[in-house]
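For the protein sequence lines, the chains are A, B, C and D, in the order given.
Counting with my numbering, you get residues 1 to 377 for the letters of the first sequence.
Counting with my numbering, you get residues 1 to 377 for the letters of the second sequence.
Counting with my numbering, you get residues 1 to 377 for the letters of the third sequence.
Counting with my numbering, you get residues 1 to 377 for the letters of the fourth sequence.
Hints in this document: simulated from the structure, not taken from any laboratory.
Any given hint could be a false lead.
Heads up, the list lumps identical chains together, so a pair's fine if it works in one copy or across two of them.
Stated by the list, open to error - Derived SDA-like pairs (lysine to any residue); straight-line CA-CA distance at most 20 angstroms:
{"#": "1", "residue 1": "Lys180", "residue 2": "Phe323"}
{"#": "2", "residue 1": "Lys177", "residue 2": "Phe323"}
{"#": "3", "residue 1": "Lys36", "residue 2": "Ser186"}
{"#": "4", "residue 1": "Lys343", "residue 2": "Thr118"}
{"#": "5", "residue 1": "Lys73", "residue 2": "Asp209"}
{"#": "6", "residue 1": "Lys364", "residue 2": "Asp337"}
{"#": "7", "residue 1": "Lys106", "residue 2": "Gln184"}
{"#": "8", "residue 1": "Lys128", "residue 2": "Arg236"}
{"#": "9", "residue 1": "Lys19", "residue 2": "Gln170"}
{"#": "10", "residue 1": "Lys16", "residue 2": "Ser186"}
{"#": "11", "residue 1": "Lys70", "residue 2": "Ser186"}
{"#": "12", "residue 1": "Lys364", "residue 2": "Ser345"}
{"#": "13", "residue 1": "Lys180", "residue 2": "Phe116"}
{"#": "14", "residue 1": "Lys177", "residue 2": "Phe197"}
{"#": "15", "residue 1": "Lys19", "residue 2": "Arg299"}
{"#": "16", "residue 1": "Lys343", "residue 2": "Leu127"}
{"#": "17", "residue 1": "Lys24", "residue 2": "Lys314"}
{"#": "18", "residue 1": "Lys36", "residue 2": "Lys343"}
{"#": "19", "residue 1": "Lys16", "residue 2": "Asn335"}
{"#": "20", "residue 1": "Lys188", "residue 2": "Met376"}
{"#": "21", "residue 1": "Lys180", "residue 2": "Glu224"}
{"#": "22", "residue 1": "Lys15", "residue 2": "Met216"}
{"#": "23", "residue 1": "Lys180", "residue 2": "Ser138"}
{"#": "24", "residue 1": "Lys24", "residue 2": "Trp102"}
{"#": "25", "residue 1": "Lys106", "residue 2": "Ser345"}
{"#": "26", "residue 1": "Lys177", "residue 2": "Glu307"}
{"#": "27", "residue 1": "Lys364", "residue 2": "Gln184"}
{"#": "28", "residue 1": "Lys314", "residue 2": "Phe217"}
Protein chains: 4
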Amino acid sequence: MANIGQDEDFEEAQKKALKIGASKVVIDDVREQFAKEYVWLAVQAGLLYESRYLLGTSLARPCISVGLIKCAKENKAKYISHGATGKGNDQVRFELSCYSLWPEVKIIAPWRLEEFTTRFQGRQDLLKYASENGIPVSVTPKAPWSMDANLMHISYESGILENPNNEAPQDLYLMTKDPKLAPQESVKLEIRFQNGFPISVHTGDVTYDNPLDILMFLNKVGGEHGVGRIDIVENRFIGLKSRGVYETPGGFILHIAHQDIEQFCLDKEIYRVKQTLRDRLSDFVYNGFWFSPEGQYVRSCIGLAEESVTGSVKLEIYRGNVFVLGRSSQVSLYNEDLVSMDKHSDFSPNDATGFINIHALRLKEFNRFQNQRKNMK
Amino acid sequence: MANIGQDEDFEEAQKKALKIGASKVVIDDVREQFAKEYVWLAVQAGLLYESRYLLGTSLARPCISVGLIKCAKENKAKYISHGATGKGNDQVRFELSCYSLWPEVKIIAPWRLEEFTTRFQGRQDLLKYASENGIPVSVTPKAPWSMDANLMHISYESGILENPNNEAPQDLYLMTKDPKLAPQESVKLEIRFQNGFPISVHTGDVTYDNPLDILMFLNKVGGEHGVGRIDIVENRFIGLKSRGVYETPGGFILHIAHQDIEQFCLDKEIYRVKQTLRDRLSDFVYNGFWFSPEGQYVRSCIGLAEESVTGSVKLEIYRGNVFVLGRSSQVSLYNEDLVSMDKHSDFSPNDATGFINIHALRLKEFNRFQNQRKNMK
Amino acid sequence: MANIGQDEDFEEAQKKALKIGASKVVIDDVREQFAKEYVWLAVQAGLLYESRYLLGTSLARPCISVGLIKCAKENKAKYISHGATGKGNDQVRFELSCYSLWPEVKIIAPWRLEEFTTRFQGRQDLLKYASENGIPVSVTPKAPWSMDANLMHISYESGILENPNNEAPQDLYLMTKDPKLAPQESVKLEIRFQNGFPISVHTGDVTYDNPLDILMFLNKVGGEHGVGRIDIVENRFIGLKSRGVYETPGGFILHIAHQDIEQFCLDKEIYRVKQTLRDRLSDFVYNGFWFSPEGQYVRSCIGLAEESVTGSVKLEIYRGNVFVLGRSSQVSLYNEDLVSMDKHSDFSPNDATGFINIHALRLKEFNRFQNQRKNMK
Amino acid sequence: MANIGQDEDFEEAQKKALKIGASKVVIDDVREQFAKEYVWLAVQAGLLYESRYLLGTSLARPCISVGLIKCAKENKAKYISHGATGKGNDQVRFELSCYSLWPEVKIIAPWRLEEFTTRFQGRQDLLKYASENGIPVSVTPKAPWSMDANLMHISYESGILENPNNEAPQDLYLMTKDPKLAPQESVKLEIRFQNGFPISVHTGDVTYDNPLDILMFLNKVGGEHGVGRIDIVENRFIGLKSRGVYETPGGFILHIAHQDIEQFCLDKEIYRVKQTLRDRLSDFVYNGFWFSPEGQYVRSCIGLAEESVTGSVKLEIYRGNVFVLGRSSQVSLYNEDLVSMDKHSDFSPNDATGFINIHALRLKEFNRFQNQRKNMK
């Protein structure tokens with residue numbers, strides 16, 4: 001088992017595993033790697049799947065896979081097995097990650113084996129089997145959905161959420177408070193970035209400066225203030241649409257802050273190239289291609305762009321909102337003098353006339369062309 | 001003058017114009033066209049400049065230009081003049097729009113004429129001149145920034161906002177309440193879309209079903225609940241970075257709702273093509289190319305994609321937040337049975353094995369390749 | 001069997017099929033549909049896979065699939081079977097086409113069934129089996145490769161071509177003459193396009209004006225002059241690299257001509273949008289997604305762009321070369337006066353100064369930024 | 001003056017310059033830099049403007065600009081002047097290059113100065129002035145077009161070429177022989193690449209292994225065999241369409257060879273990302289943004305991709321044709337065993353079934369959706 005930040009009773013889990021037949025249980029704390037080598041790269045790249053999803057689960061899978069392989073090799077195992085379903089994304093993410101790093105491994109996915117699929121139609125049958133056989137499970141009639149939790153987020157799906165018009169019940173959320181019940185007082189923060197990576201967060205007298213601490217602190221603040229909830233229908237890799245509810249408190253704050261400092265620091269045209277790379281990488285990561293050639297390549301390209309994303313963002317967190325209040329950088333392409341409406345500075349207003357006229361050339365020609373066509377008919 | 005929804009005393013404006021020498025003043029109410037032919041198309045396309053700006057000003061310029069040309073032609077004028085500055089985007093948007101529709105027109109931009117630019121360094125000099133010459137202006141020492149308002153938004157820039165690290169003062173916002181002072185009670189809405197266009201909004205017993213009414217109603221609700229504020233540094237067309245503060249209450253609600261129903265209805269791959277078209281169109285519109293060949297073309301393509309975006313979204317508005325609660329459509333690619341974790345339905349779990357294995361082929365080959373390269377060195 | 005233009009003895013094929021157990025043989029001439037509804041759309045879009053491959057085989061698959069389904073339904077069959085291998089693209093193209101149009105059909109692919117795959121390692125084993133069982137096949141020791149032919153092209157792969165450094169032997173090519181042995185005299189043609197579609201070809205006194213005739217005539221001319229051969233390594237959909245040799249005489253001539261008239265007629269920015277759509281569609285078609293939502297959608301978008309691609313191209317065909325000699329259009333964005341180096345026409349040279357200076361702003365700022373960064377270190 | 005490989009009598013040019021008033025003439029041989037730092041990067045990136053133009057002139061401008069700046073600084077000049085016209089691309093390329101590297105420089109462009117533009121309508125007036133004032137020029141009634149030559153190519157435009165339907169006369173071409181008059185015997189070459197750069201060319205007993213020698217040798221061979229001519233209408237940066245005729249013998253051979261080895265070596269998905277970067281860089285370079293932030297950035301990204309493009313390509317050059325005969329690499333993603341039609345190797349044919357079925361899911365759903373929509377109407 002990976003301790004990747006989920007709120008789990010690992011001792012209990014170990015007991016359960018041994019009880020139902022495991023010969024050995026290994027629990028590995030991968031939280032630091034997860035924050036530093038996965039979440040941080042996602043923040044730097046600004047990853048966002050289908051414009052909204054911050055990829056909390058997708059990022060965890062390759063990190064867990066590294067742990068699985070390490071454990072398997074140490075224990076001279078030749079097989080890896082996982083409990084991801086046959087309709088979902090996680091089976092793909094686990095297996096592609098494992099095959100990328102260890103092509104010879106064999107993977108067993110019980111949810112896809114005929115002996116199981118003929119016996120069990122799905123989650124309900126499995127719950128029934130578990131209850132009949134004394135296997136404790138976290139899904140209960142009181143919480144009729146499935147969830148996946150880690151340091152970055154909790155995702156909820158299936159059960160009553162399968163009807164996309166059902167409102168997610170308020171007691172579903174475990175990581176964030178209901179914004180309506182959040183404190184009256186807002187919190188102000190300053191986050192500092194270097195090369196596109198968060199390097200410190202500062203509020204009042206407190207400063208955090210390593211990935212795990214920053215993320216845990218922002219989860220606490222964001223969770224307290226009800227920040228980072230979304231309810232979406234997304235497109236799975238295998239082509240199905242599915243409904244997911246996510247809460248990503250710290251990740252959302254980091255995303256907003258990075259987005260602001262990035263646009264402040266990056267050259268206009270580099271920004272555009274980088275955003276198309278980000279869109280591709282978001283798909284790669286969602287689909288399980290973290291360790292793929294294209295995943296590695298696009299991350300390198302984005303890293304090059306982010307070399308100049310260095311500076312600070314001031315934020316205010318209040319009941320579901322993350323407001324950007326200001327930003328600064330010691331090296332910036334922003335030029336207050338040049339843009340000022342109070343002086344010409346190095347700018348010659350007359351140049352704009354030529355700029356516009358030249359752009360108008362093509363538009364005037366198109367007007368002529370359209371008249372020409374009309375007259376032809 | 002165009003009445004494009006700004007909160008302006010048109011009678012006063014007329015008096016002022018006549019007082020300072022205008023031979024005739026024409027005030028045209030273009031609010032309906034603006035909502036229907038510009039804002040609605042932006043909502044349908046999901047336009048967003050540099051990931052954040054909803055383009056409120058950019059959309060108004062072509063609409064006003066159409067009015068300017070109509071007025072000029074009716075009055076047999078050969079010249080159009082505007083007060084946009086030489087460093088900004090609006091000069092480009094006005095002039096490219098006018099040249100596209102009326103290539104023969106001559107445009108006079110006093111902010112760029114040498115006789116003015118040598119005499120006035122910028123806004124401060126102009127304010128001084130105005131005060132010395134008894135010309136009333138809305139910018140005052142109490143509100144030291146410039147603003148642009150219309151039915152969709154108000155934008156604020158320059159003055160104390162030119163330092164990107166200065167917080168925007170709370171008394172700046174005119175269209176939205178401070179979220180902290182917004183009502184305790186949230187509001188629930190249902191917005192219905194057809195072909196990607198909002199066709200009705202429904203709350204309690206009230207229904208609005210034409211673009212202008214919908215937009216005005218959502219501005220009221222959104223404004224009351226402090227929704228749609230952003231503070232960003234953006235890249236102008238001419239290559240300068242500038243800081244802008246925007247409030248777009250109704251437009252933001254529509255954007256969130258459309259984004260949700262679109263992803264619910266559109267095929268996964270059409271969605272991807274459409275999003276790259278949206279990114280291009282966002283740049284075209286920001287840069288003033290609304291009437292350009294590429295602007296027209298990409299709008300047509302997006303219109304084709306949106307033909308299947310039909311359905312309803314349920315929203316909750318609360319202190320700066322727009323929460324999506326659910327969505328439905330009578331024709332949808334979402335298939336609750338197929339995606340359910342409770343039954344196999346038409347899905348053969350075993351197929352996923354082949355799907356993954358084939359995708360793994362290339363990744364395993366890359367692993368082999370990397371070892372080969374390592375051994376070469 | 002589909003008669004899709006391959007040079008085949010259909011009577012012989014029928015005999016063979018009946019001999020080896022077919023209960024009925026249907027041979028359908030789909031050449032007209034193929035030319036008009038597939039090749040013509042590929043020409044209009046300018047399809048090109050991985051910058052070089054004109055997609056001759058990929059285009060044939062959906063056309064043949066339509067015929068297969070028609071035949072199956074007429075004969076009340078519930079199964080469709082094909083002989084495409086398990087490593088190739090064609091299995092995907094056939095099956096995705098069939099499933100798109102007839103989701104309930106069952107498909108049998110013997111090359112992937114365990115009872116066959118355990119018995120036969122591949123082509124060599126099958127040839128051996130065929131020879132032992134008296135089944136005549138076209139692949140012989142003298143032509144040790146496999147080929148696929150239709151009206152648009154012949155492709156060759158496998159056998160001695162599997163080593164990508166082996167030169168393709170001269171006697172491999174069946175559709176084109178060796179350019180070195182082609183006539184000394186070149187041929188001049190004029191091809192006329194409307195909405196991006198070829199509508200006539202003219203040479204000497206001869207004119208052809210329907211898709212099938214045009215394509216057959218250009219195959220003859222192109223074949224005679226050794227035009228349209230390529231030898232490439234491409235990436236299959238399933239992730240393998242494979243080596244293919246193709247000859248596409250008529251298709252290549254049409255591609256060159258269309259490319260020229262398109263760039264002559266299309267607005268600069270529409271052209272750019274359309275080219276990214278073309279790149280996507282090329283992948284969709286290669287991968288078998290002709291009838292997919294995205295395939296249909298992108299074709300519609302390209303069709304919109306091509307509405308202004310109307311005019312004529314003059315070509316010269318000579319020993320492997322297709323030279324463009326000139327082009328004309330009655331409605332064109334080309335403006336000889338405006339571009340002339342002999343007069344200013346409507347162009348104000350001074351405008352270019354402003355155009356350049358505004359573009360230089362951002363570059364100068366980047367220079368400042370880089371110095372700032374250098375000084376920081 | 002830059003000696004950038006054009007066939008020019010530099011002594012004569014120097015005399016002419018001094019005669020018409022130059023105080024000093026500096027002639028700098030920049031051919032090595034041009035080949036190594038510009039042409040080689042273009043080959044590595046596979047640059048191609050609007051699918052056809054190899055950018056011979058565009059690449060020369062930044063290289064010449066570096067020389068201009070060096071010369072200006074050594075001679076303590078503050079102004080740079082050039083003879084590029086006001087309608088063309090070269091003015092932009094020169095000036096943006098100079099401003100990028102030396103923001104303080106002043107540039108004088110006589111073709112855009114009012115005192116000249118009012119006096120001269122264009123090229124004809126200038127030729128008349130030159131002839132009246134005893135200034136020798138290379139354009140003559142016998143060659144009524146303008147040309148630009150360097151080590152990579154010669155471009156021809158204007159004059160009789162301004163009518164896009166006029167055939168380019170055979171005596172126009174100076175760098176390549178008429179393919180019809182080229183030798184009967186073809187030439188075979190092998191070009192070796194490392195990291196996407198050509199590192200040697202080999203034919204018979206001869207080997208060249210530095211950029212300048214390779215390019216000059218390939219120009220000789222390609223020129224002799226009539227390779228690399230194109231006749232196109234292209235879109236200039238300023239929005240005009242113009243007709244250009246180009247001959248790029250060596251550059252064309254390198255382009256074909258690089259394209260082949262790249263597709264052989266690059267991972268399928270990296271190739272796709274890289275091609276979109278190439279399309280952007282082609283526009284950047286054409287438009288004069290070689291030294292821009294985005295130009296530098298995208299070149300770096302492409303350089304990362306090309307790190308695995310290492311191997312050899314065998315070519316045959318014959319009368320306008322460059323045929324690829326084969327390719328090899330010691331580290332390659334091509335796997336002859338895996339792709340073979342003669343054995344299963346590590347491939348499980350059965351996996352393809354699942355792969356196809358999963359892809360078919362979305363297509364079947366779309367079929368269902370379309371029926372649903374039909375039934376709604």
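Status of the hints after comparison with the structure:
no.	hint	result
1	Lys180 <-> Phe323	both (17 angstroms within a copy, 12 angstroms between copies)
2	Lys177 <-> Phe323	both (18 angstroms within a copy, 14 angstroms between copies)
3	Lys36 <-> Ser186	neither (28 angstroms within a copy, 38 angstroms between copies)
4	Lys343 <-> Thr118	between (76 angstroms within a copy, 11 angstroms between copies)
5	Lys73 <-> Asp209	neither (34 angstroms within a copy, 47 angstroms between copies)
6	Lys364 <-> Asp337	between (34 angstroms within a copy, 14 angstroms between copies)
7	Lys106 <-> Gln184	neither (54 angstroms within a copy, 56 angstroms between copies)
8	Lys128 <-> Arg236	neither (27 angstroms within a copy, 45 angstroms between copies)
9	Lys19 <-> Gln170	neither (34 angstroms within a copy, 60 angstroms between copies)
10	Lys16 <-> Ser186	neither (42 angstroms within a copy, 44 angstroms between copies)
11	Lys70 <-> Ser186	neither (44 angstroms within a copy, 50 angstroms between copies)
12	Lys364 <-> Ser345	between (32 angstroms within a copy, 14 angstroms between copies)
13	Lys180 <-> Phe116	neither (45 angstroms within a copy, 54 angstroms between copies)
14	Lys177 <-> Phe197	neither (27 angstroms within a copy, 34 angstroms between copies)
15	Lys19 <-> Arg299	neither (43 angstroms within a copy, 58 angstroms between copies)
16	Lys343 <-> Leu127	between (71 angstroms within a copy, 13 angstroms between copies)
17	Lys24 <-> Lys314	neither (48 angstroms within a copy, 49 angstroms between copies)
18	Lys36 <-> Lys343	neither (45 angstroms within a copy, 38 angstroms between copies)
19	Lys16 <-> Asn335	neither (61 angstroms within a copy, 35 angstroms between copies)
20	Lys188 <-> Met376	neither (65 angstroms within a copy, 29 angstroms between copies)
21	Lys180 <-> Glu224	both (11 angstroms within a copy, 16 angstroms between copies)
22	Lys15 <-> Met216	neither (28 angstroms within a copy, 60 angstroms between copies)
23	Lys180 <-> Ser138	neither (28 angstroms within a copy, 38 angstroms between copies)
24	Lys24 <-> Trp102	neither (22 angstroms within a copy, 50 angstroms between copies)
25	Lys106 <-> Ser345	between (67 angstroms within a copy, 17 angstroms between copies)
26	Lys177 <-> Glu307	neither (36 angstroms within a copy, 39 angstroms between copies)
27	Lys364 <-> Gln184	neither (56 angstroms within a copy, 47 angstroms between copies)
28	Lys314 <-> Phe217	within (16 angstroms within a copy, 33 angstroms between copies)
Checked against the numbered hints given earlier, the structure breaks hints 3, 5, 7, 8, 9, 10, 11, 13, 14, 15, 17, 18, 19, 20, 22, 23, 24, 26 and 27 and satisfies all the rest.
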